[in-house]
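Trainee: As you go down the protein sequences, you meet chains S and D in turn.
Numbering-wise (the working numbering), the first sequence opens with residue 1 and increments by one.
Numbering-wise (the working numbering), the second sequence opens with residue 1 and increments by one.
No lab work stands behind these hints, which were simulated from the structure alone.
Treat the numbers as computed from the prediction; the structure is a model and nothing was measured.
Hints may contain errors.
As the list claims (entries may be wrong) - No farther apart than 25 Å at their CA atoms in a straight line, the calculated lysine-lysine pairs in the DSS-like style are these:
(1) S:Lys264 <-> S:Lys28
(2) D:Lys144 <-> D:Lys154
(3) S:Lys110 <-> D:Lys154
(4) D:Lys100 <-> S:Lys110
(5) S:Lys154 <-> D:Lys110
(6) S:Lys110 <-> D:Lys110
(7) D:Lys100 <-> S:Lys154
(8) S:Lys264 <-> S:Lys54
(9) D:Lys7 <-> D:Lys200
(10) S:Lys100 <-> D:Lys110
(11) S:Lys200 <-> S:Lys7
(12) D:Lys16 <-> D:Lys54
(13) D:Lys279 <-> D:Lys99
(14) S:Lys16 <-> S:Lys200
(15) D:Lys7 <-> D:Lys201
(16) S:Lys154 <-> D:Lys154
(17) D:Lys264 <-> D:Lys16
(18) D:Lys110 <-> D:Lys100
(19) S:Lys28 <-> S:Lys16
(20) D:Lys154 <-> S:Lys100
(21) D:Lys99 <-> S:Lys154
(22) S:Lys154 <-> S:Lys100
(23) S:Lys99 <-> D:Lys154
To be verified - Calculated from the model, a selection of chain S residues having no Cβ within reach of chain D, i.e. all distances over 10 Å:
(24) Pro37
(25) Pro42
(26) Gln43
(27) Leu88
(28) Arg136
(29) Asp145
(30) Arg178
(31) Ala191
(32) Leu231
(33) Glu272
What the hints assert, rightly or not - Here are the in silico distance ranges between beta carbons for each label pair:
(34) S:Gly112 <-> D:Lys201: 36 to 42 Å
(35) D:Glu166 <-> S:Ser66: 51 to 57 Å
(36) S:Gly112 <-> D:Gly204: 43 to 49 Å
(37) S:Arg17 <-> D:Glu111: 28 to 34 Å
(38) D:Ile90 <-> S:Ala193: 37 to 43 Å
(39) S:Lys154 <-> D:Lys201: 31 to 37 Å
(40) D:Gly135 <-> S:Lys54: 51 to 57 Å
Glycine is no exception: its CB is placed at the ideal position from the N, C-alpha and C atoms.
2 protein chains.
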Amino acid sequence: MEVILAKHAGFCFGVKRATHLAFDAADKGGDTYTLGPIIHSPQVVQRLEEMGVKSVEDVAEIKNGSTVIIRSHGVAAEELEAAVRANLEIVDATCPFVKKAQEHVATLSKEGYDVVVVGDAVHPEVQGIVSYATGRVYVVSSGKDVERLPRMAKMGVVAQTTQSFEHLNEVVAACLARGGETRVYNTICDATAVRQEETKKLAGEVDCMIVIGGFNSANTKRLAQICRELLPRTHHIETAGQIDPAWFEGVQRVGVTAGASTPKWLIDEVTERISAIDKDKIG
Amino acid sequence: MEVILAKHAGFCFGVKRATHLAFDAADKGGDTYTLGPIIHSPQVVQRLEEMGVKSVEDVAEIKNGSTVIIRSHGVAAEELEAAVRANLEIVDATCPFVKKAQEHVATLSKEGYDVVVVGDAVHPEVQGIVSYATGRVYVVSSGKDVERLPRMAKMGVVAQTTQSFEHLNEVVAACLARGGETRVYNTICDATAVRQEETKKLAGEVDCMIVIGGFNSANTKRLAQICRELLPRTHHIETAGQIDPAWFEGVQRVGVTAGASTPKWLIDEVTERISAIDKDKIG
Chain S
1 MEVILAKHAG
11 FCFGVKRATH
21 LAFDAADKGG
31 DTYTLGPIIH
41 SPQVVQRLEE
51 MGVKSVEDVA
61 EIKNGSTVII
71 RSHGVAAEEL
81 EAAVRANLEI
91 VDATCPFVKK
101 AQEHVATLSK
111 EGYDVVVVGD
121 AVHPEVQGIV
131 SYATGRVYVV
141 SSGKDVERLP
151 RMAKMGVVAQ
161 TTQSFEHLNE
171 VVAACLARGG
181 ETRVYNTICD
191 ATAVRQEETK
201 KLAGEVDCMI
211 VIGGFNSANT
221 KRLAQICREL
231 LPRTHHIETA
241 GQIDPAWFEG
251 VQRVGVTAGA
261 STPKWLIDEV
271 TERISAIDKD
281 KIG
Chain D
1 MEVILAKHAG
11 FCFGVKRATH
21 LAFDAADKGG
31 DTYTLGPIIH
41 SPQVVQRLEE
51 MGVKSVEDVA
61 EIKNGSTVII
71 RSHGVAAEEL
81 EAAVRANLEI
91 VDATCPFVKK
101 AQEHVATLSK
111 EGYDVVVVGD
121 AVHPEVQGIV
131 SYATGRVYVV
141 SSGKDVERLP
151 RMAKMGVVAQ
161 TTQSFEHLNE
171 VVAACLARGG
181 ETRVYNTICD
191 ATAVRQEETK
201 KLAGEVDCMI
211 VIGGFNSANT
221 KRLAQICREL
231 LPRTHHIETA
241 GQIDPAWFEG
251 VQRVGVTAGA
261 STPKWLIDEV
271 TERISAIDKD
281 KIG
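The task is simple: from the sequences and hints, build the whole structure.
Mentor: This is the structure in structure tokens:
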């Protein structure tokens, strides 16, 4: 059985950076917290917990003088301000692309634009981005949503970094159709599109796909969905322990991919486990 | 034979305004000029000439102390400045929608944007709009054109007022795909789209279409093209004198439409001429 690992499986730039910053802070010791999970990987969160890093939901839960790590998806402007006021040492692991989107929203608001954020309203990244608006701000997920918005003379558009380009295009076209001015910052990070394209190609060339990543990770769930449409024999797992040897009955080629928040060690465990199952079968 | 006149045939808001301003100036007397034809209607230009208004191509050709009328399509910033320097009395008949596009280009340039104008590079409106840029400016007519442009961090987009919305959308999508910031002013005037839609509908309901307007008028040529695709029996004319009675052999219903620069008197002459031909046939 051949195991083919997608070239862009796993950590993107922002997640790699956030994880490094978090483990560095953990190594230093002292009271260390993250505001919400550092990345959407329960395994990484657990490893940090084992090193003494606690994940809390509110600055109020953090002891004075502690270190707080801001997760890759970013936090709301008020939370960051609360951390500053509480005199906490701040390690800002916000993905630089998310940071850019937050800054653009702040600028657009300041310059009198009504802000339109293309994304998922309940995603923490979007909630963080939205919080930087000081004027009117709306989260939309389609052109149809734009049609329902009130009259706006100046529209400022940014996107959740993991949105598809087609999505952004559709929303911008709907804004343009309203006339007036539309100012767009393309804040999409193409790591997501690249990983999806590669995964799609791989799913077309194998008999079985294994998608590794947090069950709470939107981008991993999307990868699994893309694979499933092409190949019903697709399995979304978080860890190697969830693998069922029966999945590989009669399989010649297995494709493996992983979401942006899946660490290399989990991917390695999975590929090793699949190879071991293969040896067992032969042996 | 039934003659059906399109509801939006003829003068749009900007052309009506420009024509009124020009005839008012002509009525006042004195040396009066237009810089280029006031609108794309040779018949209107001729009528103004009969009233003593001369069309010239250059401010240098105008006597000091004269009145100069700026045509509906606008002129280049340098020409307007030259007219001011020459101490001419200026009647600015630039279409307010074109004026807006010129102002947006000036603002975008001033704020450090590279300007992208969606339109026809040789059209006087576009040449006027472009002249308001003080930085880099490019005229494009498709998304493909955008791909060939040099790297730009901040793109400012405006459109020739008569462009189609699909066209603007395509260019904006190509700009967004380059990343960075895209600031768009939708400067399209929907009079063109409304007239085209209505004409298309009418062409589908008649046996013969008559399109009236200057042979040098881009929007009239486009109307004739739209009709011809649906109805080969389409005739583009400038005046009633160009009508051939043979066109109406066996025709039950004639549709009549006219470009944005076609005056009402020319449309009336055409519908009267068609009715007269019909009476001759019966008589």
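Trainee: Does each hint hold? Answer for all of them.
Mentor: Checked hints:
1. S:Lys264 <-> S:Lys28: Given that 25 Å is the threshold and the Cα spacing comes to 23 Å, the pair holds.
2. D:Lys144 <-> D:Lys154: Judged against 25 Å, a Cα distance of about 19 Å means the pair holds.
3. S:Lys110 <-> D:Lys154: Roughly 18 Å separates the two Cα atoms, so the pair holds.
4. D:Lys100 <-> S:Lys110: 23 Å, holds
5. S:Lys154 <-> D:Lys110: 18 Å, holds
6. S:Lys110 <-> D:Lys110: 19 Å, holds
7. D:Lys100 <-> S:Lys154: Cα-Cα ~15 Å, so holds.
8. S:Lys264 <-> S:Lys54: Holds: lysine 264 (chain S) and lysine 54 (chain S) sit about 22 Å apart, inside 25 Å.
9. D:Lys7 <-> D:Lys200: This hinted pair holds, its Cα atoms lying about 13 Å apart.
10. S:Lys100 <-> D:Lys110: Holds: lysine 100 (chain S) and lysine 110 (chain D) sit about 23 Å apart, inside 25 Å.
11. S:Lys200 <-> S:Lys7: 13 Å, holds
12. D:Lys16 <-> D:Lys54: 19 Å, holds
13. D:Lys279 <-> D:Lys99: 47 Å, violated
14. S:Lys16 <-> S:Lys200: 23 Å, holds
15. D:Lys7 <-> D:Lys201: 12 Å, holds
16. S:Lys154 <-> D:Lys154: Measuring from Cα to Cα gives roughly 17 Å; hence the hint holds.
17. D:Lys264 <-> D:Lys16: The given pair, whose Cα atoms are some 10 Å apart, holds under the 25 Å limit.
18. D:Lys110 <-> D:Lys100: 15 Å, holds
19. S:Lys28 <-> S:Lys16: Satisfied, since the Cα-Cα distance of roughly 19 Å is no more than 25 Å.
20. D:Lys154 <-> S:Lys100: It holds: about 15 Å lies between the C-alpha atoms, which stays within 25 Å.
21. D:Lys99 <-> S:Lys154: With a Cα-Cα distance of about 19 Å, the restraint between lysine 99 (chain D) and lysine 154 (chain S) holds, given a limit of 25 Å.
22. S:Lys154 <-> S:Lys100: 20 Å, holds
23. S:Lys99 <-> D:Lys154: OK: lysine 99 (chain S) and lysine 154 (chain D) at ~19 Å, within 25 Å.
24. Pro37: Non-interface label stands for proline 37 (chain S): nearest chain D Cβ at 29 Å, farther than 10 Å.
25. Pro42: Given that every Cβ of chain D is farther than 10 Å from that of proline 42 (chain S), nearest at about 33 Å, it holds.
26. Gln43: Holds: least Cβ distance 33 Å, greater than 10 Å.
27. Leu88: Nearest chain D Cβ is 33 Å from leucine 88 (chain S), so the label holds.
28. Arg136: 19 Å, holds
29. Asp145: 18 Å, holds
30. Arg178: At about 8 Å from chain D, arginine 178 (chain S) fails to clear the 10 Å cut-off, so the statement is violated.
31. Ala191: 13 Å, holds
32. Leu231: 29 Å, holds
33. Glu272: It holds; glutamate 272 (chain S) is separated from chain D by about 38 Å at its closest Cβ, greater than 10 Å.
34. S:Gly112 <-> D:Lys201: 36 to 42 Å: 40 Å, holds
35. D:Glu166 <-> S:Ser66: 51 to 57 Å: This hint holds: roughly 56 Å between Cβ atoms.
36. S:Gly112 <-> D:Gly204: 43 to 49 Å: 45 Å, holds
37. S:Arg17 <-> D:Glu111: 28 to 34 Å: 32 Å, holds
38. D:Ile90 <-> S:Ala193: 37 to 43 Å: This hint is violated: roughly 52 Å between Cβ atoms.
39. S:Lys154 <-> D:Lys201: 31 to 37 Å: 35 Å, holds
40. D:Gly135 <-> S:Lys54: 51 to 57 Å: 52 Å, holds
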